[in-house]
Amino acid sequence: MSQTQINGRTREEMAQRLAQDIADGSYVNLGIGIPELIAKFVPEGREVIYHTENGLLGMGPSPIKGEGDPELINAGKRQVTALPGAAFFHHADSFAMIRGGHLDLSVLGALQVSAEGDLANWSTGEPDAIPAVGGAMDLVAGVKKVYVITQHCTKEGEPKLVERCTYPLTGRRVVDRVYTDLAVIDITPDGFRLVELSPGVDFETVQERTGATLLPADGATR
Amino acid sequence: MIDKRVAGPAEAVADIHDGATVMIGGFGEAGSPIELIHALIDQGASDLTVVSNNTGSGEVGLAALLKAGRVSKVICSFPRTANSTVFPELYRSGRTKLELVPQGTLAERIRAGGAGIPAFYTPTGVGTPLAEGKETREFDGQEYLLERGLRADFALIKGRLADTHGNVIYNKTARNFAPPMAMAAAVTIVQVGEVVDPGGLDPEAIITPGIFVERVVEVATPAHESELVAAGSTYP
Numbered sequence: 001m002s003q004t005q006i007n008g009r010t011r012e013e014m015a016q017r018l019a020q021d022i023a024d025g026s027y028v029n030l031g032i033g034i035p036e037l038i039a040k041f042v043p044e045g046r047e048v049i050y051h052t053e054n055g056l057l058g059m060g061p062s063p064i065k066g067e068g069d070p071e072l073i074n075a076g077k078r079q080v081t082a083l084p085g086a087a088f089f090h091h092a093d094s095f096a097m098i099r100g101g102h103l104d105l106s107v108l109g110a111l112q113v114s115a116e117g118d119l120a121n122w123s124t125g126e127p128d129a130i131p132a133v134g135g136a137m138d139l140v141a142g143v144k145k146v147y148v149i150t151q152h153c154t155k156e157g158e159p160k161l162v163e164r165c166t167y168p169l170t171g172r173r174v175v176d177r178v179y180t181d182l183a184v185i186d187i188t189p190d191g192f193r194l195v196e197l198s199p200g201v202d203f204e205t206v207q208e209r210t211g212a213t214l215l216p217a218d219g220a221t222r
Numbered sequence: 001m002i003d004k005r006v007a008g009p010a011e012a013v014a015d016i017h018d019g020a021t022v023m024i025g026g027f028g029e030a031g032s033p034i035e036l037i038h039a040l041i042d043q044g045a046s047d048l049t050v051v052s053n054n055t056g057s058g059e060v061g062l063a064a065l066l067k068a069g070r071v072s073k074v075i076c077s078f079p080r081t082a083n084s085t086v087f088p089e090l091y092r093s094g095r096t097k098l099e100l101v102p103q104g105t106l107a108e109r110i111r112a113g114g115a116g117i118p119a120f121y122t123p124t125g126v127g128t129p130l131a132e133g134k135e136t137r138e139f140d141g142q143e144y145l146l147e148r149g150l151r152a153d154f155a156l157i158k159g160r161l162a163d164t165h166g167n168v169i170y171n172k173t174a175r176n177f178a179p180p181m182a183m184a185a186a187v188t189i190v191q192v193g194e195v196v197d198p199g200g201l202d203p204e205a206i207i208t209p210g211i212f213v214e215r216v217v218e219v220a221t222p223a224h225e226s227e228l229v230a231a232g233s234t235y236p
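In the order they appear, the protein sequences are chains A and B.
When we follow my numbering, the leftmost residue of the first sequence carries the number 1, and every step to the right adds one.
When we follow my numbering, the leftmost residue of the second sequence carries the number 1, and every step to the right adds one.
Be aware that a few hints might be false.
[Stated by the list, open to error] Derived pair list, reagent style BS3-like, types lysine-lysine, alpha-carbon separation capped at 27 Å:
#, chain 1, residue 1, chain 2, residue 2
1, A, K77, A, K144
2, B, K134, B, K73
3, A, K77, B, K97
4, B, K97, B, K134
5, B, K73, A, K77
6, A, K144, A, K40
7, A, K144, B, K97
8, B, K97, B, K73
9, A, K77, A, K40
[As the list claims (entries may be wrong)] Okay, the calculated bits of chain A under chain B, using three or more residues with CB under 8 Å as the criterion:
#, segment
10, 81–90
11, 134–146
None of these hints come from the bench; they were simulated from the model.
C-beta atoms are modelled at their ideal positions from N, C-alpha and C, and glycine is treated no differently.
Take these sequences, add in the hints, and give me the full structure.
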C-alpha cells in the first residue's frame, strides 16, 4: 500500500484524546505501552481509580527516585506508588474484579482489531516465539468496556483494523472502540463506524488505511 | 504446642521430591521467595512441575532453578522477560514444557484447587487458541470454557510477617499469588522477614490463616532479585 505522509495524532495526543472519554469515578485498568500514558491526561476534576492486576486499586505514579519499593509494582513490573484510599489484594480477588465485571474500563494495545470487535494482541503466532498471554484474555472477557489504543497501521503500512484477524485471538467480539493516530472508531453491529477524525485527516485517508468498510460518523453526510 | 518454625530454608525444602509439583509465589520479583528457591536448587530435586506467573529474570531465583535443569514443565501466564534468556532456550530446545494459562484463569485454577473445586467455567479464552481441546458450555446465552482446579505438593511463598501458627501478612503487591497458592498445596512453606508469637498479629489483619501454612522460615533480610540481576549475580 503506497501512502503519502499523514500527520495524525502522536502517541501522547492519542492518550490525551482517550483520557477525555474516561468518566469521573471510573475504575480503570491501563495496559502496558501507550495505555500507560493516559493517566496523566485525565481532565482535572475527575477522580479515576487505577487497577493493576497484580493486586492494587488506587495505583499512583512512579515513586521519587530512591523512595520506591521493589514489592510495589504495576503489571509492567515497574515501581509505582499507592495513593491515599488504595487497597492491596491477592490475584484471585484481582481477577474476580476483572472477570466479574466490576471494572468500568480496560485500555489495551492491539496487533489487530476486526470489524466484529475481535482482538488479537498477544501473539503473532510465529513458531519460534515464546507464547505469553498475561491477563489480556481475562480483561477483555470481563471488563465492562474495552478500548483499544493503537497506531492505525503497522510500521510496514498494513492496516491493523481488519475484516478478520489473522493473528491468534485474545477475545472474540470484545472491543467497543478504537483510538488511533488517525481517528476514533466504534465497533458497531454494522462494523467499523467513524466517531471522529484526527485534526487534519480526512475520511478517505482513514478508509484507505482500514482493512474493512468504514461507515461514516452517525448523522454525517459525505 | 503448635510451632511451625523450621531452622532455615534448607530444612524447609528438604523433603521436596523428584517429580513434585511446586507452586512458587511472585509476580516478577515482588513476592518471589528467592531464598527458598535457592535452597531448592541446593537440595537437588529435579523433574519438577513449577506453577508460577513468570519464569524469573537474570540467572537467580526462579530463572536459576530453570537454568539448573530441574524443571520439566512450567504452568505459567507470562514466561517472557526482557532480561532472561534461560526459559526461551529451555523452551525452544524442548527441555522444559510450557502450559500457557491466562493470568486470571491461573489464579482461579489455584484458588479452586485449594477450595475443593475440581473445575469451573470461565468466559476467559473463549474463541482463542487457548480454548482448543477444552469443553465448552453455554450459560444464559454466553459461551464458557471448563478449566480444572490446580493442586500442588508444595508451595513456596514469601510474606512480611508470620506468627508461629503460620498466620501470614504480606507486603504490598508482593501478596499476588501467595494466598491462593497457600490454599492449594499439601505443604506450604512461607519465608517471612520476621516471626512473632501468637497474639503478635492483629487477627483482623491476617491475610493467610495459619491452617493453610505448614512451615515458617525467618529470612530477616531477603535479597531483591532486581538488585542481584543488576549486579550480574548468578546462582549457585
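Now for the hints, and whether the structure bears them out:
no. : hint           : in the structure
1   : K77/A x K144/A : 25 Å, holds
2   : K134/B x K73/B : 20 Å, holds
3   : K77/A x K97/B  : 25 Å, holds
4   : K97/B x K134/B : 19 Å, holds
5   : K73/B x K77/A  : 24 Å, holds
6   : K144/A x K40/A : 22 Å, holds
7   : K144/A x K97/B : 35 Å, violated
8   : K97/B x K73/B  : 4 Å, holds
9   : K77/A x K40/A  : 19 Å, holds
10  : 81–90          : holds (count 4)
11  : 134–146        : holds (count 7)
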